[in-house]
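J.: Chains G and E are the protein sequences, given in the same order.
With my numbering, the residue at position 163 of the first sequence is 163, and numbering never jumps.
With my numbering, the residue at position 57 of the second sequence is 57, and numbering never jumps.
Everything labelled a hint here was simulated from the structure, so no lab data went into it.
There's no promise every hint is true.
Which stretches of chain E does chain G cover? Using the computed rule of at least three CB atoms under 8 Å from a CB of chain G, they are [stated by the list, open to error]:
{"id": "1", "stretch": "29-42"}
{"id": "2", "stretch": "188-197"}
Distance windows between CB atoms, simulated [stated by the list, open to error]:
{"id": "3", "chain 1": "G", "residue 1": "Val340", "chain 2": "E", "residue 2": "Phe99", "range": "30 to 40 Å"}
{"id": "4", "chain 1": "G", "residue 1": "Gly159", "chain 2": "E", "residue 2": "Gln400", "range": "24 to 34 Å"}
{"id": "5", "chain 1": "G", "residue 1": "Gly62", "chain 2": "E", "residue 2": "Glu240", "range": "30 to 40 Å"}
{"id": "6", "chain 1": "E", "residue 1": "Val74", "chain 2": "G", "residue 2": "Asn257", "range": "54 to 64 Å"}
{"id": "7", "chain 1": "E", "residue 1": "Tyr278", "chain 2": "G", "residue 2": "Val340", "range": "17 to 27 Å"}
{"id": "8", "chain 1": "G", "residue 1": "Ser132", "chain 2": "E", "residue 2": "Gly428", "range": "56 to 66 Å"}
{"id": "9", "chain 1": "G", "residue 1": "Ala332", "chain 2": "E", "residue 2": "Leu41", "range": "29 to 39 Å"}
If you only want the chain E side, here are some residues facing chain G, beta carbon under 7 Å, derived [said to hold, decoys possible]:
{"id": "10", "residue": "Leu129"}
{"id": "11", "residue": "Glu131"}
{"id": "12", "residue": "Arg134"}
{"id": "13", "residue": "Ala250"}
{"id": "14", "residue": "Gln253"}
{"id": "15", "residue": "Phe339"}
{"id": "16", "residue": "Ser344"}
{"id": "17", "residue": "Asp348"}
{"id": "18", "residue": "Met351"}
{"id": "19", "residue": "Ala353"}
{"id": "20", "residue": "Pro399"}
Every residue gets a Cβ at the ideal spot worked out from N, C-alpha and C, and that includes glycine.
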Amino acid sequence: MKKQGFLIFLIAALLVLAVVPALAQDSLIESVCLVTDVGKVNDGTFNQFAYEGMLAAVEDFGLDSTYIETQAQTDYDTNLNRCIEEGYDAIVTVGFLLADATRAKAAERPDVYFIGVDQFVGEDADGNPAPSNYVGLQFREDQAGFLAGVLAAQLTESGIVGGVYGIDIPPVIKYRNGFEQGAKFINPDIKTLGVYIDSFTAPDRGASAAGQFIGEGADVIFGAGGPTGSGAITRAAQDGALVIGVDQDEFLTTFGNGETPGAENLISSALKRVDVAVYTAIEALVNGGEDFPGGTNLIMSAENDGVGFAEPHLAADKVSEEVIAKMEEVLAGLKDGSIVTGVDPVTGELLPEEES
Amino acid sequence: MATASSTWTPVEARSWRDTLKITRTGIFSVFFILIGLWILLSAPQNIAGDASTLLTFDRTGQQGISVPTVPFAVVVALLYVAGGIVGLLSTPRLSRIKFIWLLVNGLLIIPTVLIIIAAGGRTNIVVMLQESLRLATPIVLGALAGIWCERSGVVNIAIEGMMLTGAALGFVSYTLLLQSGLGLSNEWAQFLAVIIAVLSGGLMAVLHAWLSITFKTNQIVSGTVINILAIGLTSYLRLEVLVNAEAARATLQTVQIPLLKDIPVMGDVFFTGKPIFYGMFMLLLVTHVVLYYTRWGLRTRAVGENPHAADTLGVNVQRNRWINVIIGGLIAGLAGAWFSLETSGAFDDQMTAGRGFIALAAMIFGKWTPIGAFGGGLLFGFSDALGQRFQFLGVPVPPQFLQMVPYFVTLVVLAGLIGKSSAPKADGIPYEKS
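Please build the complete structure, drawing on both the sequences and the hints.
T.: Set out below in structure tokens:
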């Protein structure tokens, strides 16, 4: 009997030894659950892009998946619990507002992985480190803005470009300073006008700022601030200025696939690839978690295709091959680090001039 | 009480201002002297002597006149100091000149500030005036909506919610009309959508009237309920209808008034605009005429001041209030259409962004009169445009402070220029037949 017991122990031990190294390489997860912020997975905002990123990963890596559309802010916790109860190994939460709920749940359930879109993960106010099963997805908006600035500076005839921005929180500041640095990279003498508007949901005030810029002679307008920025570029495009959208390809959203008057003036959009970010984070988990920066953030930059620019669509005749080539060149420079935006990637403030 | 009033002797109303002989003219005079001296001392030091400011007037800022910055600033500063000194003289003969001089000084503030800030660059004053009027449009309309309600004695803090409802329902119906396959042209769909926006504002007002007039609910509570209801209702509509609809962001067409549009400056500012912009001026006129020159207006004011007296004289108080509240709601609905159909060509959650409340402030600022409310709305629109302009002209002040400009200007103007403003006496009090 004793012998048998020993044998069983031996077999069990061998099994464990065999499995442990295999686990280190094999997927940490078999299923993903996505919780949206208030909204739906097809609402044309972050929710949709995160969902598309998850679907692509699910398809490529053969995972199970589901999603829960949050109806009200009070439901965050309930929805996270539903994902866990149904046995999902990884949970993607979309949006800054879910940060607190996600962090709390990650501390409570160390056996589940959490990915927070647009959530900054780090030490809390008391200096406690974040749970190591939780990763935030952060973006280098300054690089996307830089590319938009490079484009604007090449296409302006008056030498004056304008930017209408939302509330001056770090992502918006990064877009602004990146844009202005990019424009100056092409033409140091360019005049950049910029306004922060204290609301993301005031398209009329954005439009009015754009009107003022055009009155000052600006002929390229960049709008970075949710509906406020979209209001600015729709108005400016209808008034004949060239415009650049933000976050996603606004040709498909704001300009309704070309239906909106002025769509022929949308020359590009500064892209923030939420889908790529979600895909990358899931991929890291599937590949054994070595690239999963638990307890910190996954920084999406030009280097990992996390930011970029959209094609000109109907404005193709206004954006020449050389202009696009220059943007590709700058994008490559941002990728290999030969070009820097000069913007602090966390606060968005301009860095002091360096000797480089 | 009785004994007190029998021995009561009139006491001269004296404030500390009278004791010190501080008058409003005096305050402004000192203000202008200080500003003038400050400009005289600082402008030549901080601005290059040969710098000039290009003032442009056309839409894209191509042509303009060049103003030498420092000489202009010095001339204005001297004007300020001289005007201030004359203002301090107590010769009654000069009072007319004093007033005009101070008024000119006041009007010169904004152009002077802009010219100084834009030294070495350019700035477009006409476009700024244009944008001020555009930004003022929903505020003035909202304030007019408030006047209709409150002049009849019903407080309406639900203007924000009514605007939001109008904005959402207007745009949703525009989208649905275009998709409906009725073969409506874009213009017809927009026109019908504006009508629906107006009616939906009116519908919210029916709720307000029903709660606060018929059921005598507290009017603040009723208004709050409507504001909250509107947020939920409109974001639900957006998710259900707009998110998946590929709606084009078409806005109402700009209309230029023939002949008048060719007047320099005025033509661009007042006679080039979109339909609701003109509608604002018409409603302003209509409200003024109805309120002060018609029987209905007289009755409305009576109901708002003293409903018992009006009732005694045969005015149906409840009916009068119902109708006025609904008219107010219809106007608020039109203001909502301005947001979604005239300006943005889209509906976004909470896109009215507090303008309904600003409208209330404009109404109080204007002492519950249409013309005054127009002034108040204009002040807000202008300060908003000015704050934006300060930001992009590079005033070395953090943007958060420049975003405060509209509210700061309101404080100063309310405290310094406008006397006490008092609401209609029966405002906010449900009418009980006694």
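J.: Indicate, hint by hint, whether the structure satisfies it.
T.: Results for each hint:
Counting residues of the stretch 29-42 of chain E whose C-beta lies closer than 8 Å to any C-beta of chain G gives 0; at least three are required, and the coverage claim is violated. Counting residues of the stretch 188-197 of chain E whose CB lies closer than 8 Å to any CB of chain G gives 0, so the stated coverage by that chain is violated, three being the minimum. Between G/Val340 and E/Phe99 the beta carbon distance is about 60 Å. The supplied range of 30 to 40 Å is therefore violated. Our hint of 24 to 34 Å for G/Gly159 and E/Gln400 holds, since their Cβ atoms are close to 29 Å apart.
Separated by about 34 Å at the C-beta atoms, G/Gly62 and E/Glu240 satisfy the suggested range of 30 to 40 Å. The hint said 54 to 64 Å for the Cβ distance between E/Val74 and G/Asn257, and at roughly 57 Å that hint holds. At roughly 52 Å, the beta carbons of E/Tyr278 and G/Val340 sit outside the given window of 17 to 27 Å. The hinted window of 56 to 66 Å between G/Ser132 and E/Gly428 holds, with their beta carbons roughly 58 Å apart.
Separation of G/Ala332 from E/Leu41 is about 54 Å and departs from the stated range, judged on CB atoms against 29 to 39 Å. Taking 7 Å as the C-beta contact cut-off toward chain G, the hint placing E/Leu129 at the interface is violated, the least distance being around 10 Å. Hint on E/Glu131 holds. Least Cβ distance to chain G is approximately 5 Å, under the 7 Å limit. For E/Arg134, the shortest C-beta to C-beta distance to chain G is roughly 6 Å, which falls under 7 Å, so the interface hint holds.
Given the 7 Å rule on beta carbons, the hint for E/Ala250 holds: about 6 Å separates it from the nearest Cβ of chain G. A least Cβ separation of about 10 Å between E/Gln253 and chain G goes past the 7 Å threshold, and the interface hint is therefore violated. Given the 7 Å rule on beta carbons, the hint for E/Phe339 holds: about 6 Å separates it from the nearest Cβ of chain G. Look at E/Ser344: its Cβ gets to within about 4 Å of chain G, closer than 7 Å, so that hint holds up.
For E/Asp348, the interface hint holds, since its Cβ comes within 7 Å of a Cβ in chain G; the closest pair sits about 4 Å apart. At about 5 Å, the closest approach between the beta carbon of E/Met351 and any beta carbon in chain G falls short of 7 Å, and the interface hint on this residue holds. Among the interface hints, the one on E/Ala353 holds; its C-beta lies about 4 Å from the nearest C-beta in chain G, closer than the 7 Å criterion. Hint status for E/Pro399 relative to chain G: holds, with the closest Cβ pair at about 4 Å, below 7 Å.
Taken one by one, the earlier hints fail for this structure at numbers 1, 2, 3, 7, 9, 10, 14, listed in ascending order.
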